[in-house]
Amino acid sequence: MALKLWASSTANALKISCSGAKTSPFLPFSISRCFSSVLDGLKYSSSHEWVKHEGSVATIGITDHAQGHLGEVVFVELPESGSSVSKGGGFGAVESVKATSDVNSPVSGEVVEVNTKLTETPGLINSSPYEDGWMIKVRPSSPTELDSLMGPKEYTKFCEEEDAHH
Amino acid sequence: MILHRVRDGLPLMNLVSLRAVPILQQLHLEERLLRSSSDNWCIINDGTNRPNIVMGISGRPSELIDLKSVLRDRVPVIRRFSGGGTVIVDDGTIFVTFICNKDAIPGLQPYPHPLMSWTGQLYKDVLHGFGDFHLQENEIFLYYMYASLTVLDTYFTDYAIGSRKFGGNAQSITKNRWVHHTSFLWDYDIKNMEYLKIPSRAPKYRSARPHVEFLCRMTEYVPSRSTFIERTIASLGNHFSVKPIHQDRVIDPSNTLHSSSKLLTRQELEEAYSSLCEKLHIAAISV
Chain A
1 MALKLWASST ANALKISCSG AKTSPFLPFS ISRCFSSVLD GLKYSSSHEW VKHEGSVATI
61 GITDHAQGHL GEVVFVELPE SGSSVSKGGG FGAVESVKAT SDVNSPVSGE VVEVNTKLTE
121 TPGLINSSPY EDGWMIKVRP SSPTELDSLM GPKEYTKFCE EEDAHH
Chain B
1 MILHRVRDGL PLMNLVSLRA VPILQQLHLE ERLLRSSSDN WCIINDGTNR PNIVMGISGR
61 PSELIDLKSV LRDRVPVIRR FSGGGTVIVD DGTIFVTFIC NKDAIPGLQP YPHPLMSWTG
121 QLYKDVLHGF GDFHLQENEI FLYYMYASLT VLDTYFTDYA IGSRKFGGNA QSITKNRWVH
181 HTSFLWDYDI KNMEYLKIPS RAPKYRSARP HVEFLCRMTE YVPSRSTFIE RTIASLGNHF
241 SVKPIHQDRV IDPSNTLHSS SKLLTRQELE EAYSSLCEKL HIAAISV
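Those sequence lines, one after another, are chains A and B. Residue numbers for the first sequence follow the numbering used here, beginning at 1 and rising by one. Residue numbers for the second sequence follow the numbering used here, beginning at 1 and rising by one.
For reference, chain A alone in the conformation it holds in the complex (with noise of 0.2 Å):
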């Protein structure tokens, strides 16, 4: 297999973390993949789910980690507004590379908006992770549960523990 490597800037200082990895036995010429980043201001789930909340509201998404992961998003399925959703649960599906990927929220409550866009750009998700890519918005039942869920930091840990492991 072949690999290259353009850098067309460095980093930004927009919170780069790095969950490298060392080189994985079943790539043998892949790279440490430590470039994906992770915002302040959210929570984490472990099945790399981000959630904002914000007043009554909690935006869902997929992270940046995850999406590199699986690779062009070309489909994601949504659930109908109104319907409920719970702590750790799928509500959804993104397709990338013949392969359909659950979604997990990581808190549980009820459906109030799902982001239309992603019908016709998929894409969003791998372009804007964390702003235009956004899933579902939930009103939680439960916001308790946000305090389970990990900060950027740990987050940021868990992932290069994550692909260290692997």
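Some hints could be false.
To be verified - With a Cα cut of at most 16 Å, we get these calculated EDC-like pairs of lysine to aspartate or glutamate:
| hint | chain 1 | residue 1 | chain 2 | residue 2 |
| --- | --- | --- | --- | --- |
| 1 | A | Lys52 | A | Asp102 |
| 2 | B | Lys102 | A | Glu80 |
| 3 | A | Lys117 | A | Glu80 |
| 4 | B | Lys102 | A | Glu162 |
| 5 | B | Lys175 | A | Glu113 |
| 6 | B | Lys175 | A | Glu80 |
| 7 | A | Lys137 | A | Glu80 |
| 8 | A | Lys52 | A | Asp132 |
| 9 | B | Lys68 | B | Glu271 |
| 10 | A | Lys52 | A | Glu162 |
| 11 | A | Lys52 | A | Asp40 |
No lab work stands behind these hints: they were computed from the structure. On a predicted model such as this, the values are computed, not experimentally measured, just so you know.
Using the hints, position chain B against chain A.
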């Protein structure tokens, strides 16, 4: 904490060997085992009972199949629960599916590319010595937001002999488990390929070739179906302690719990055909 079963230091894998089971039933079984079992499974279905078109989860009939001929000949069309492209399968197809816990294979991350690399290596071992088998590499760009960095890497995605594909695969990944399933073209009827359009999203190496120039038959390279199946099971034995399970213990056609794979209705296909004709400003011919 879930304790996974181990024998002789290797994780256990249940092996279910089927013959000519309908593909929709196979897909229902796979999804049920993915979502409601904590064991590792290998399902081998040697052929399926009749030709079926099987699309991936996001498949749109108007883009992927020749609706007029499919409606005329009443070919069943299924949308499966995994990603990926469209295939037409029949009794010349050999299906091999792995359903595993995410930590079943040490060092393997449950993401599409690592899974395809692992399974690709397994089949490379299975088919070693038969033809110029190799894994077709496709270039894939991966990038991370804010890093302004483009990483180009290549991954194994297709199974080919020379530049001709003989196996298509797809995956479904949940929080703690994954499925990787492959349909191998042991043999095929050229006429059946005419039901499929050339997809708009295709790997570079396809070079816009029609199906008959892009595909090949395993029967021209491997002595027998049983040789391929036995070697696959033997290769699995390097990673798992394989335990045969009789199909009666798992097959339950009435149990469609967790089954999102579905057969498209004739009405759905007819509506897709009418919409397509309207879009192309041509008259829809009654089929």
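Here is what the structure says about each hint:
1. Pair hint A:Lys52 plus A:Asp102 does not hold up; C-alpha atoms about 20 Å apart against a cutoff of 16 Å.
2. For the hint linking B:Lys102 to A:Glu80, the alpha-carbon distance of about 29 Å lies beyond 16 Å, and the restraint is violated.
3. The straight-line distance between the Cα atoms of A:Lys117 and A:Glu80 is roughly 14 Å, inside the 16 Å bound, and the hint therefore holds.
4. Between the alpha carbons of B:Lys102 and A:Glu162 the distance comes to roughly 12 Å, so the proposed pair stays at or under 16 Å and holds.
5. With a CA separation close to 24 Å, the supplied pair B:Lys175 and A:Glu113 exceeds the 16 Å bound.
6. Taken as a hint, the B:Lys175 and A:Glu80 pair is broken in the structure, with Cα atoms around 21 Å apart against an allowance of 16 Å.
7. Straight-line distance between C-alpha atoms of A:Lys137 and A:Glu80 comes to about 11 Å, which keeps the hinted pair within the 16 Å bound.
8. The hinted pair formed by A:Lys52 and A:Asp132 meets the criterion: a straight-line CA distance of about 13 Å does not exceed 16 Å.
9. Straight-line distance between C-alpha atoms of B:Lys68 and B:Glu271 comes to about 12 Å, which keeps the hinted pair within the 16 Å bound.
10. For a cut-off of 16 Å, the pair hint linking A:Lys52 to A:Glu162 is broken: about 23 Å separates their Cα positions.
11. Distance check on the hinted pair: A:Lys52 and A:Asp40 sit about 10 Å apart at the alpha-carbon level, within 16 Å; holds.
In summary, the structure is inconsistent with hints 1, 2, 5, 6 and 10 from the numbered list given earlier, while agreeing with the others.
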